[in-house]
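For the record, the sequence lines run as chains A and B. Those letters in the first sequence? Residues 1 to 314, per the working numbering, in order. Those letters in the second sequence? Residues 1 to 520, per the working numbering, in order.
If you are wondering where the hints come from, they were derived from the structure by calculation, not from laboratory data. Just so it is clear, CB atoms sit at the ideal spot from N, CA and C, and this is done for glycine as well. Check the hints yourself; a few may be wrong.
Said to hold, decoys possible - Straight-line C-alpha distance at most 20 Å; calculated SDA-like pairs for lysine to any residue:
1. B:K411 / A:H44
2. B:K500 / A:L159
3. B:K411 / A:A51
4. B:K206 / A:V94
5. B:K411 / A:P33
6. B:K206 / A:P88
7. B:K265 / A:M152
8. B:K437 / A:L52
9. B:K411 / A:H30
10. B:K500 / B:G271
11. B:K411 / A:P47
12. B:K265 / A:I151
13. B:K437 / A:A51
14. B:K110 / B:P219
15. B:K314 / B:S384
16. B:K467 / B:D100
17. B:K162 / B:H457
18. B:K265 / A:H160
19. B:K268 / A:L159
20. B:K216 / B:R41
21. B:K437 / A:P47
22. B:K437 / B:A136
23. B:K206 / A:V87
24. B:K437 / A:H44
25. B:K194 / A:S81
To be verified - Quick list of the computed label-pair ranges, beta carbon to beta carbon:
26. A:I14 / B:S270: 53 to 63 Å
27. A:V75 / B:K97: 51 to 61 Å
28. A:Q132 / B:G371: 33 to 43 Å
29. B:K113 / A:I14: 51 to 61 Å
30. B:T150 / A:V75: 43 to 53 Å
31. B:G371 / A:L24: 16 to 26 Å
32. B:K118 / A:L63: 47 to 57 Å
33. A:V302 / B:G186: 52 to 62 Å
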Amino acid sequence: MSLTGYVARRLIQIVPIVLGVTVLVFFLIHLVPGDPARTILGNHATPHKVALLHREWGLDKPLPVQYWRFLKRMVRGDLGSSLFYSVPAGRLVVQRLPPTLWLIGLGTLFSVLIAVPLAALAATKRDRLPDQIVRAVPLVGLGFPQFWLGIMLLLAFGLHLGRGFPVGGYGSGVLGHLHSMFLPALTVALAIAPILVRSLRASLLEVFESDYVTTARSKGLSERRVLVRHALRNAVISTVSVLGVNIGFLVGGTLIVEQVFALPGIGQLMINSIFERDFPVVQAVTLAFAIMVVLVYLLTDVVHALLDPRVRFD
Amino acid sequence: MHPRRRAFAFLVTAAAVAATGTVAALAAQTSHSSSAVTPKRGGHITIARIEDSTSFDKTNVFQNESIWIAEQINESLFEAGNDGKTLKPWLATSYTKSKDGKTYTFKLRKGVKFSNGKPMTSADVKFSIDDARAQAKGWGYLDAAIKSITAPNPSTVVFHLKFQWAPFVADIALFANGIVPKNFAGQSRTAFYKHPIGTGPFMWDKRVVGQSVTLKRNPFYWQKGKPYLDSVTWTFVTDENTRELQLRGGQIQVDEFPPFNSIDKLKKTSGITMSLFPSTRTDYLDMNELYPPLKDMHVRRAISYAIDRASIVKSVLFGYGTPANSQLPPQVPYYDKNAGGLQYDIAKAKAEMAKSKFPKGFKVQMLVGAGAQVENTIGQILQSALKQLGITVKFKTEDTSTEFNDIQSNKYQLGFSYWTMDIADPDELVTFALDPKGGAFSFYTHYNNPTVTSLSHQAQREVNPAKRAILYSKLQRIAASQANLGYLYYSPYRWAYTSKLHGFLVQPLGNYHLEDAWLG
Numbered sequence: 001m002s003l004t005g006y007v008a009r010r011l012i013q014i015v016p017i018v019l020g021v022t023v024l025v026f027f028l029i030h031l032v033p034g035d036p037a038r039t040i041l042g043n044h045a046t047p048h049k050v051a052l053l054h055r056e057w058g059l060d061k062p063l064p065v066q067y068w069r070f071l072k073r074m075v076r077g078d079l080g081s082s083l084f085y086s087v088p089a090g091r092l093v094v095q096r097l098p099p100t101l102w103l104i105g106l107g108t109l110f111s112v113l114i115a116v117p118l119a120a121l122a123a124t125k126r127d128r129l130p131d132q133i134v135r136a137v138p139l140v141g142l143g144f145p146q147f148w149l150g151i152m153l154l155l156a157f158g159l160h161l162g163r164g165f166p167v168g169g170y171g172s173g174v175l176g177h178l179h180s181m182f183l184p185a186l187t188v189a190l191a192i193a194p195i196l197v198r199s200l201r202a203s204l205l206e207v208f209e210s211d212y213v214t215t216a217r218s219k220g221l222s223e224r225r226v227l228v229r230h231a232l233r234n235a236v237i238s239t240v241s242v243l244g245v246n247i248g249f250l251v252g253g254t255l256i257v258e259q260v261f262a263l264p265g266i267g268q269l270m271i272n273s274i275f276e277r278d279f280p281v282v283q284a285v286t287l288a289f290a291i292m293v294v295l296v297y298l299l300t301d302v303v304h305a306l307l308d309p310r311v312r313f314d
Numbered sequence: 001m002h003p004r005r006r007a008f009a010f011l012v013t014a015a016a017v018a019a020t021g022t023v024a025a026l027a028a029q030t031s032h033s034s035s036a037v038t039p040k041r042g043g044h045i046t047i048a049r050i051e052d053s054t055s056f057d058k059t060n061v062f063q064n065e066s067i068w069i070a071e072q073i074n075e076s077l078f079e080a081g082n083d084g085k086t087l088k089p090w091l092a093t094s095y096t097k098s099k100d101g102k103t104y105t106f107k108l109r110k111g112v113k114f115s116n117g118k119p120m121t122s123a124d125v126k127f128s129i130d131d132a133r134a135q136a137k138g139w140g141y142l143d144a145a146i147k148s149i150t151a152p153n154p155s156t157v158v159f160h161l162k163f164q165w166a167p168f169v170a171d172i173a174l175f176a177n178g179i180v181p182k183n184f185a186g187q188s189r190t191a192f193y194k195h196p197i198g199t200g201p202f203m204w205d206k207r208v209v210g211q212s213v214t215l216k217r218n219p220f221y222w223q224k225g226k227p228y229l230d231s232v233t234w235t236f237v238t239d240e241n242t243r244e245l246q247l248r249g250g251q252i253q254v255d256e257f258p259p260f261n262s263i264d265k266l267k268k269t270s271g272i273t274m275s276l277f278p279s280t281r282t283d284y285l286d287m288n289e290l291y292p293p294l295k296d297m298h299v300r301r302a303i304s305y306a307i308d309r310a311s312i313v314k315s316v317l318f319g320y321g322t323p324a325n326s327q328l329p330p331q332v333p334y335y336d337k338n339a340g341g342l343q344y345d346i347a348k349a350k351a352e353m354a355k356s357k358f359p360k361g362f363k364v365q366m367l368v369g370a371g372a373q374v375e376n377t378i379g380q381i382l383q384s385a386l387k388q389l390g391i392t393v394k395f396k397t398e399d400t401s402t403e404f405n406d407i408q409s410n411k412y413q414l415g416f417s418y419w420t421m422d423i424a425d426p427d428e429l430v431t432f433a434l435d436p437k438g439g440a441f442s443f444y445t446h447y448n449n450p451t452v453t454s455l456s457h458q459a460q461r462e463v464n465p466a467k468r469a470i471l472y473s474k475l476q477r478i479a480a481s482q483a484n485l486g487y488l489y490y491s492p493y494r495w496a497y498t499s500k501l502h503g504f505l506v507q508p509l510g511n512y513h514l515e516d517a518w519l520g
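Using the sequences plus the hints, can you model the full thing?
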């Protein structure tokens, strides 16, 4: 099967997955106690006002009827309207998607930029001091919760050391975004990098033992050339899978980083919508998360295949 | 007004600069004071809040973060004074009342224009309040006494009431009765409130849903020379640490609600003014009388006696609050400082338990919000105190939306609530908190004392302030003696802002007039 055919097949597979996710989320969020009308009305929630809002939003109908309406709307590309903002939920998600995508993209890039040289250093200096340091320090880093790490980075680089970066926010324009997203992306990267370092180091060590590396060395190639041209490409294959899985988790984990850095992404939107029981937005965000995770896994498989010619698309 | 509660975000607050007269006395504690210099024109401020605004339809929104912005755009005929108790003319200059107390004639201020340049007339006022009172799911209930409104000439509005209604002018001063152009200036209702037009100091600029709202100076504002600021942006920053860092870093100028535990630190921070404004916020322990032991007045009195309010104020508010002694807070008209709300006395608590039908105690469930640190701390203090009375408290932890739902659906025994005033009159609070048919089942406690209800109804129709004071005093004393709720504490509004900001004052109702604010 060709790459195009494989991608097309995987994309078609997204449909039942997404449908399954919508069913699960729809019923879960509706079955959880809590009422958006009472949340909106606060202490002024009289039964009459609650009933009026329920009728306006269609929440007075049985759950299957509500789900059927949701599905009918979804087929037309309409995910309903936010109960709190009174704007289309789909539009809200689309507006809030860029900061999250920036966070994931830049975070992934930073994690690779951190992990590759460190893993290479550790593998080439196996069991020596650099290796010990590279193995130990990231482990300590793994123990830091992201919100704490984020606050520390904000304190250090946003407030005390020259105020080089904004304390939260998304910025405007590409350069503004890059500037604003540097610390959040670094927070994300510092969380993922230790796992990548360990995975890549182990793969490199394994590759260093293989015959073709011995052959390369016996040809008189420099260690640097052996590492870059022969070992790294093969070692990185398994790391791509590790990275893919972690990005999948990261998609769901952006919400903490978004909270700390005041990023108006969909993670933050998700949290608020759940607290407020803004059902249409919860459904729309979940849909977006589901699609993102599936696409990341698809991308991981494709990159894996491109890096490893032995992988076939059947 | 009722700010929606969040599990991950409890209270906040802060401060401002002393203005003049009463305000100076009221702006209780400000870490830095402003010098009395001539205000400067220009500049922009950003205010960071824990919640994003949801709607600017002032007639239907109950969220403070929306209301406080809407008030910069739409103004009312009268406004609450800086003491939270008095009313002052705003878009009207005066009113007269007929002998039977059922007709009010308001004279409108001359020279008032909307931000679109069109003059405000009586037709706009009639339209605005007719629209507000028609909102069944919104604030329309506060205008229920109005029978009809007429506009005999462009500068006069006449309100015909169904009956005498003492809180009428206070109700007219409600933000929901703010004035909008007739027929929404030719737009649909929905379209209008996406970018409302008003007579206020600021006018609509832009909004990015979930991020920020920006208003800019209204060039037609009727107070000459005001507002001083060019524009104001409200941003949405949920994390309290980030808000504080942004303030310290100069990225924002105002932090809407710093937590109590950061007050001391912010007071000592150079370049930051940390202010505590007297508020109408009162926190309560709700005791659901549908649970038989809590129907027993002696049990409620015992619980109320067992609340160590001083400890709660110290541990939860870090000393920045006072024990509550009435249903009403001190910043509300007719508050009775001798209402007699029961105070901590464990011996009296035991004596009350002995008089009850449950002298050996009972088990009770207390609803607390997940992550709601304040509720959890108070809950633990109460659990320990009530153990001495033989009352075993078990916690039920729920996220705040569920907690809210369960309290309002009677699926609770003990729970927490609070109230901040919407109008400079006790009527709304008393109706919700003490009248079982007032719409909220006496704050969902189902407390029902026909004498108290009757006093509330009499006070609504009693237009003589002295007689009204007696009625409200009686009502407060009876309710307090029966421990309708556990009155916990009064707490201030907490605001932190750059010391360059002057003229910023938060009123006891929670709102603020940004036309007076300026950057030095």
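Evaluated hints:
1. Our distance criterion of 20 Å between C-alpha atoms is met by K411 (chain B) and H44 (chain A), whose separation comes to about 18 Å.
2. Note on K500 (chain B) and L159 (chain A): the hinted pairing holds, with a Cα-Cα distance of about 19 Å set against a maximum of 20 Å.
3. Pair hint K411 (chain B) plus A51 (chain A) holds up; C-alpha atoms about 18 Å apart against a cutoff of 20 Å.
4. Simply put, K206 (chain B) and V94 (chain A) have alpha-carbon atoms about 18 Å apart, close enough for the 20 Å limit, and the pair holds.
5. With a C-alpha separation of about 11 Å, the suggested pairing of K411 (chain B) with P33 (chain A) holds against the 20 Å cut-off.
6. A C-alpha spacing of about 18 Å is found between K206 (chain B) and P88 (chain A), which places the hinted pair at or below 20 Å, so the restraint holds.
7. For the suggested pair K265 (chain B) and M152 (chain A), the alpha carbons sit about 18 Å apart, so the restraint of at most 20 Å is met.
8. A distance of roughly 18 Å separates the Cα atoms of K437 (chain B) and L52 (chain A); the hinted pair therefore holds under the 20 Å criterion.
9. For the given pair, K411 (chain B) sits about 18 Å from H30 (chain A) by alpha-carbon distance, which is consistent with the 20 Å threshold.
10. Distance restraint check for K500 (chain B) and G271 (chain B): the Cα-Cα separation of roughly 8 Å lies within the 20 Å cut-off, and the hinted pair is therefore satisfied.
11. With a C-alpha separation of about 15 Å, the suggested pairing of K411 (chain B) with P47 (chain A) holds against the 20 Å cut-off.
12. As the CA atoms of K265 (chain B) and I151 (chain A) are separated by approximately 17 Å, the hinted pair is consistent with the 20 Å bound.
13. Between K437 (chain B) and A51 (chain A) the alpha-carbon distance is near 17 Å, which keeps this suggested pair within the 20 Å criterion.
14. Restraint check: the Cα-Cα separation between K110 (chain B) and P219 (chain B) comes to about 16 Å, which is no more than 20 Å; the hinted pair holds.
15. Taking the CA atoms of K314 (chain B) and S384 (chain B), the gap is near 16 Å; set against the 20 Å cutoff, the hint holds.
16. For the hint pairing K467 (chain B) with D100 (chain B), the CA-to-CA distance comes to about 17 Å; that is within 20 Å, so the pair holds.
17. At most 20 Å may separate the alpha-carbon atoms for a hinted pair to count; K162 (chain B) and H457 (chain B) meet this at roughly 15 Å.
18. Proximity of K265 (chain B) to H160 (chain A) is assessed by CA-CA distance (about 17 Å); at most 20 Å being required, the pair is judged to hold.
19. A threshold of 20 Å between alpha carbons decides the hint, and for K268 (chain B) with L159 (chain A) the separation of about 17 Å falls inside it, so the pair holds.
20. Straight-line distance between C-alpha atoms of K216 (chain B) and R41 (chain B) comes to about 13 Å, which keeps the hinted pair within the 20 Å bound.
21. Between K437 (chain B) and P47 (chain A), the direct Cα distance comes to roughly 11 Å. Compliance with the 20 Å bound is thereby established for this hinted pair.
22. Restraint check for K437 (chain B) and A136 (chain B): the C-alpha separation of about 17 Å stays at or below 20 Å, so the hint holds.
23. The straight-line distance between the Cα atoms of K206 (chain B) and V87 (chain A) is roughly 15 Å, inside the 20 Å bound, and the hint therefore holds.
24. With a C-alpha separation of about 13 Å, the suggested pair K437 (chain B) and H44 (chain A) falls inside the 20 Å cut-off, and the hint holds.
25. At roughly 15 Å between alpha-carbon atoms, K194 (chain B) and S81 (chain A) fall within 20 Å of each other, so this suggested pair holds.
26. Taken as a hint, the range 53 to 63 Å holds for the pair I14 (chain A) and S270 (chain B), whose Cβ atoms sit roughly 55 Å apart.
27. Restraint check, V75 (chain A) to K97 (chain B): a C-beta distance of roughly 60 Å satisfies the suggested window 51 to 61 Å.
28. Distance hint for Q132 (chain A) and G371 (chain B): a CB-CB separation of about 40 Å, consistent with the stated range 33 to 43 Å.
29. Between K113 (chain B) and I14 (chain A) the Cβ separation comes to about 55 Å, which falls inside the hinted range of 51 to 61 Å.
30. Distance hint for T150 (chain B) and V75 (chain A): a CB-CB separation of about 52 Å, consistent with the stated range 43 to 53 Å.
31. Taken as a hint, the range 16 to 26 Å holds for the pair G371 (chain B) and L24 (chain A), whose Cβ atoms sit roughly 25 Å apart.
32. Between K118 (chain B) and L63 (chain A) the C-beta distance comes to about 48 Å, which sits within the given range of 47 to 57 Å.
33. Checked against the given bound of 52 to 62 Å, the beta carbons of V302 (chain A) and G186 (chain B), roughly 54 Å apart, stay inside it.
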